[in-house]
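Protein chains in written order, with numbering that gives the first Met the number 0: chain D, 0 to 410; chain G, 0 to 410.
You may find that some hints are simply not true.
A pair holds if it fits inside one copy or across any two, identical chains being indistinguishable in the list.
[To be verified] In silico SDA-like pairs for lysine to any residue, Cα to Cα no more than 25 Å straight-line:
1. K164 to Q28
2. K24 to A51
3. K164 to Q360
4. K164 to F231
5. K24 to S55
6. K164 to P186
7. K164 to G88
8. K109 to R86
9. K220 to D384
Hints in this document: simulated from the structure, not taken from any laboratory.
There are 2 protein chains.
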Amino acid sequence: MALIVQKYGGTSVGDPQRILHVAEKVAAQRARGDRVVVVVSAMSGETDRLLALARSIAPRPDPRELDVLLATGEQVTIALLSLALDRIGCPARSYTGAQVQILTDSAFNKARIRGVDVERLRGDLEAGRVVVVAGFQGVDGDGRITTLGRGGSDTTAVAVAAALKADECQIYTDVDGVYTTDPRVVPQARRLQRITFEEMLEMASLGSKVLQIRSVEFAGKYNVPLRVLSTFQDGEGTLITYEDPDMEEVQISGIAFSRDEAKLTIVGVPDEPGVAYRILGPIGEANIEVDMIVQNVGADGTTDFTFTVHRNEYERALELLQRVAADLRARDVSGDPHIVKISLVGVGMRSHAGIASRMFQTLAREGINIRMISTSEIKISVVVDEKYLELGVRALHEAFELDREPAAGAG
Amino acid sequence: MALIVQKYGGTSVGDPQRILHVAEKVAAQRARGDRVVVVVSAMSGETDRLLALARSIAPRPDPRELDVLLATGEQVTIALLSLALDRIGCPARSYTGAQVQILTDSAFNKARIRGVDVERLRGDLEAGRVVVVAGFQGVDGDGRITTLGRGGSDTTAVAVAAALKADECQIYTDVDGVYTTDPRVVPQARRLQRITFEEMLEMASLGSKVLQIRSVEFAGKYNVPLRVLSTFQDGEGTLITYEDPDMEEVQISGIAFSRDEAKLTIVGVPDEPGVAYRILGPIGEANIEVDMIVQNVGADGTTDFTFTVHRNEYERALELLQRVAADLRARDVSGDPHIVKISLVGVGMRSHAGIASRMFQTLAREGINIRMISTSEIKISVVVDEKYLELGVRALHEAFELDREPAAGAG
Numbered sequence: 000m001a002l003i004v005q006k007y008g009g010t011s012v013g014d015p016q017r018i019l020h021v022a023e024k025v026a027a028q029r030a031r032g033d034r035v036v037v038v039v040s041a042m043s044g045e046t047d048r049l050l051a052l053a054r055s056i057a058p059r060p061d062p063r064e065l066d067v068l069l070a071t072g073e074q075v076t077i078a079l080l081s082l083a084l085d086r087i088g089c090p091a092r093s094y095t096g097a098q099v100q101i102l103t104d105s106a107f108n109k110a111r112i113r114g115v116d117v118e119r120l121r122g123d124l125e126a127g128r129v130v131v132v133a134g135f136q137g138v139d140g141d142g143r144i145t146t147l148g149r150g151g152s153d154t155t156a157v158a159v160a161a162a163l164k165a166d167e168c169q170i171y172t173d174v175d176g177v178y179t180t181d182p183r184v185v186p187q188a189r190r191l192q193r194i195t196f197e198e199m200l201e202m203a204s205l206g207s208k209v210l211q212i213r214s215v216e217f218a219g220k221y222n223v224p225l226r227v228l229s230t231f232q233d234g235e236g237t238l239i240t241y242e243d244p245d246m247e248e249v250q251i252s253g254i255a256f257s258r259d260e261a262k263l264t265i266v267g268v269p270d271e272p273g274v275a276y277r278i279l280g281p282i283g284e285a286n287i288e289v290d291m292i293v294q295n296v297g298a299d300g301t302t303d304f305t306f307t308v309h310r311n312e313y314e315r316a317l318e319l320l321q322r323v324a325a326d327l328r329a330r331d332v333s334g335d336p337h338i339v340k341i342s343l344v345g346v347g348m349r350s351h352a353g354i355a356s357r358m359f360q361t362l363a364r365e366g367i368n369i370r371m372i373s374t375s376e377i378k379i380s381v382v383v384d385e386k387y388l389e390l391g392v393r394a395l396h397e398a399f400e401l402d403r404e405p406a407a408g409a410g
Numbered sequence: 000m001a002l003i004v005q006k007y008g009g010t011s012v013g014d015p016q017r018i019l020h021v022a023e024k025v026a027a028q029r030a031r032g033d034r035v036v037v038v039v040s041a042m043s044g045e046t047d048r049l050l051a052l053a054r055s056i057a058p059r060p061d062p063r064e065l066d067v068l069l070a071t072g073e074q075v076t077i078a079l080l081s082l083a084l085d086r087i088g089c090p091a092r093s094y095t096g097a098q099v100q101i102l103t104d105s106a107f108n109k110a111r112i113r114g115v116d117v118e119r120l121r122g123d124l125e126a127g128r129v130v131v132v133a134g135f136q137g138v139d140g141d142g143r144i145t146t147l148g149r150g151g152s153d154t155t156a157v158a159v160a161a162a163l164k165a166d167e168c169q170i171y172t173d174v175d176g177v178y179t180t181d182p183r184v185v186p187q188a189r190r191l192q193r194i195t196f197e198e199m200l201e202m203a204s205l206g207s208k209v210l211q212i213r214s215v216e217f218a219g220k221y222n223v224p225l226r227v228l229s230t231f232q233d234g235e236g237t238l239i240t241y242e243d244p245d246m247e248e249v250q251i252s253g254i255a256f257s258r259d260e261a262k263l264t265i266v267g268v269p270d271e272p273g274v275a276y277r278i279l280g281p282i283g284e285a286n287i288e289v290d291m292i293v294q295n296v297g298a299d300g301t302t303d304f305t306f307t308v309h310r311n312e313y314e315r316a317l318e319l320l321q322r323v324a325a326d327l328r329a330r331d332v333s334g335d336p337h338i339v340k341i342s343l344v345g346v347g348m349r350s351h352a353g354i355a356s357r358m359f360q361t362l363a364r365e366g367i368n369i370r371m372i373s374t375s376e377i378k379i380s381v382v383v384d385e386k387y388l389e390l391g392v393r394a395l396h397e398a399f400e401l402d403r404e405p406a407a408g409a410g
């Protein structure tokens with residue numbers, strides 16, 4: 000008998016018919032002898048409807064009352080799913096975030112979970128009931144309703160699983176797992192059976208938006224095995240766990256990429272302490288997120304400094320950088336809003352030399368010029384012209400044989 | 000500085016524009032130096048929408064989870080009204096029934112309030128904030144969400160007013176007060192400035208559906224002055240309080256009536272103890288509500304027994320009565336599904352003889368045959384053929400001069 004936490008997103012509970020389908024899946028899991036906790040999101044479209052309602056009353060709605068409003072979305076779903084379970088003879092009980100209680104800080108609209116009280120849930124589970132929990136919401140120390148921000152239901156599921164020491168936390172979504180890369184770009188992309196938390200974090204933050212990053216961090220921190228599955232088709236999905244010895248054979252798990260990047264360079268600034276801060280300080284203050292940063296030291300005591308930002312922020316960043324350049328007496332400022340980032344991700348690269356050179360060779364063979372390079376322990380990222388995105392990803396997918404099931408291990 | 004509880008129904012908060020209008024009214028009350036608690040219903044149509052959603056999933060939805068669902072309706076309104084107040088610079092804080100807490104029993108869908116904890120509300124009021132409370136909902140001893148049943152928001156307002164010892168509980172609705180009778184029947188009908196709780200109960204239960212009966216009982220029990228006003232036009236409305244000496248001059252406050260009644264008679268049953276129970280027992284068991292009951296004793300040791308039910312229940316009641324008649328060897332069963340009830344209501348009739356005879360005389364002069372009569376301390380009801388409803392009400396309204404402002408007192 001296992002204890003399973005299942006999470007269903009907005010699309011999975013998008014209409015009454017789908018809610019009944021989810022109820023069947025939950026009841027089937029329980030019929031296998033498992034104890035089941037279900038975490039649900041608001042029905043798809045509901046959060047947007049509520050937001051529009053709020054904005055029609057106050058253009059900049061008070062975040063505290065906005066959370067009271069938004070929390071009704073998941074409350075509707077927990078009630079409807081419990082009704083559906085009751086209808087098919089599966090005893091269930093619903094809980095709002097406040098009822099659980101899912102305690103958070105008071106950062107309304109983007110609260111963080113501080114703790115989960117699972118005592119009452121345990122009683123229900125022991126009595127054979129399915130527990131249905133509203134995702135995305137909690138309650139602060141003052142008893143006020145909070146929300147965790149978009150996608151927060153994944154985090155709720157992981158937090159509840161961690162508190163209950165569940166055997167597995169299953170995230171049901173509209174894709175059937177994590178792929179070696181986006182199948183729309185590479186039709187040969189293969190579903191991974193396993194991936195490590197670290198790899199998943201890199202894949203997620205680089206644009207494979209299957210899971211919310213915070214929920215993966217959380218699962219890693221509390222060592223909750225996560226599984227991504229499809230609500231609409233049967234299958235094993237992808238299990239996200241800690242590295243195990245079997246996985247060593249795999250060098251590269253997947254290729255992540257990110258469109259809509261832009262690159263800015265400030266040329267010929269004095270190579271002296273504090274210069275990086277003087278350049279990036281104003282960018283950070285303007286709430287512009289900087290991704291890759293590369294600095295090349297020149298021979299004449301000056302240095303070139305390049306970084307990437309989201310394409311939407313390019314114009315603002317360029318303007319700020321021009322002001323900084325004047326202050327610093329830099330030689331020049333240049334930029335390119337038409338670049339993309341491609342990254343190889345894999346815990347295996349830690350112990351395998353030559354991954355980087357094979358990557359660069361593959362891109363060179365296709366005539367793709369690399370504009371920037373950045374590496375971490377389990378990732379190599381390159382920036383290239385956006386026109387090369389598909390070609391680069393396909394060439395790398397083939398070069399690293401990602402379409403083939405690995406020889407040993409489960410991953 | 001007064002403490003005022005205001006309640007706005009579903010029509011008053013039916014769309015964002017109306018919610019902003021309510022916010023203006025609330026802020027104006029606060030600007031006069033009063034402390035204000037606002038109780039709101041779900042936006043009109045919302046409860047029906049949620050019910051339809053529930054029924055599309057489970058034809059007979061579990062009442063406990065139905066309450067979790069329905070409670071979201073008022074939660075949406077408290078958030079939106081608080082956003083509207085915040086927007087116009089009026090500090091406010093919302094509370095769900097569970098947050099207040101409004102403690103109820105566990106009769107889901109029709110829970111009764113056991114107590115209201117107003118400590119937290121007091122803190123907000125002292126800090127100058129408007130308190131916005133979700134009507135219609137509460138929480139039981141087990142922490143489960145309950146609802147009070149349709150119209151329960153009035154009861155919430157009165158309960159909160161009683162717990163806070165408010166100076167007045169104002170019920171805003173789409174009519175501007177309580178009238179001597181329905182103005183659609185008698186255009187000369189006059190708005191009452193005052194009416195007693197007892198009279199209001201008789202008026203309400205007889206079809207003047209301005210206020211929920213339970214809320215009036217509650218207000219009477221805890222002596223909370225109630226005022227019925229219009230959300231959409233300014234005015235004094237009607238104050239509902241205990242009788243005061245000034246009101247003695249008024250004999251009749253109003254004329255209530257009820258369409259859709261039906262009458263059933265069982266003729267010639269043995270006049271012996273227990274017979275009333277044997278007749279009405281099966282009716283009650285079938286959940287058919289009986290209104291007036293009249294029994295005439297005959298000379299031959301038998302009796303005739305007549306009662307009224309709602310017209311929708313007529314066929315079922317007739318069928319049951321026919322079975323009872325066979326058991327009791329009654330002479331006959333007869334019925335009439337085309338009758339109505341007209342009632343004179345007024346605390347003044349206690350000390351004034353001749354009201355009844357004047358009523359009967361008025362009806363006789365119009366050629367209206369009285370089919371049944373029933374009296375209480377502050378009410379005389381007659382049953383007549385439905386075709387005489389308008390004529391009877393108009394004749395009585397004129398005969399008792401209800402269109403004229405009373406000579407003395409405020410009522």
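Quick rundown of the hints versus the structure:
1. K164 to Q28: Within one copy, since 18 Å is at most 25 Å while 53 Å is not.
2. K24 to A51: between (33 Å within a copy, 24 Å between copies)
3. K164 to Q360: neither (46 Å within a copy, 81 Å between copies)
4. K164 to F231: neither (27 Å within a copy, 56 Å between copies)
5. K24 to S55: between (38 Å within a copy, 19 Å between copies)
6. K164 to P186: neither (38 Å within a copy, 71 Å between copies)
7. K164 to G88: Neither way: K164 and G88 sit 27 Å apart in one copy and 47 Å across, limit 25 Å.
8. K109 to R86: between (35 Å within a copy, 21 Å between copies)
9. K220 to D384: Classified as neither; 36 Å inside a copy, 78 Å across copies.
Checked against the numbered hints given earlier, this structure breaks hints 3, 4, 6, 7, 9; the rest are met.
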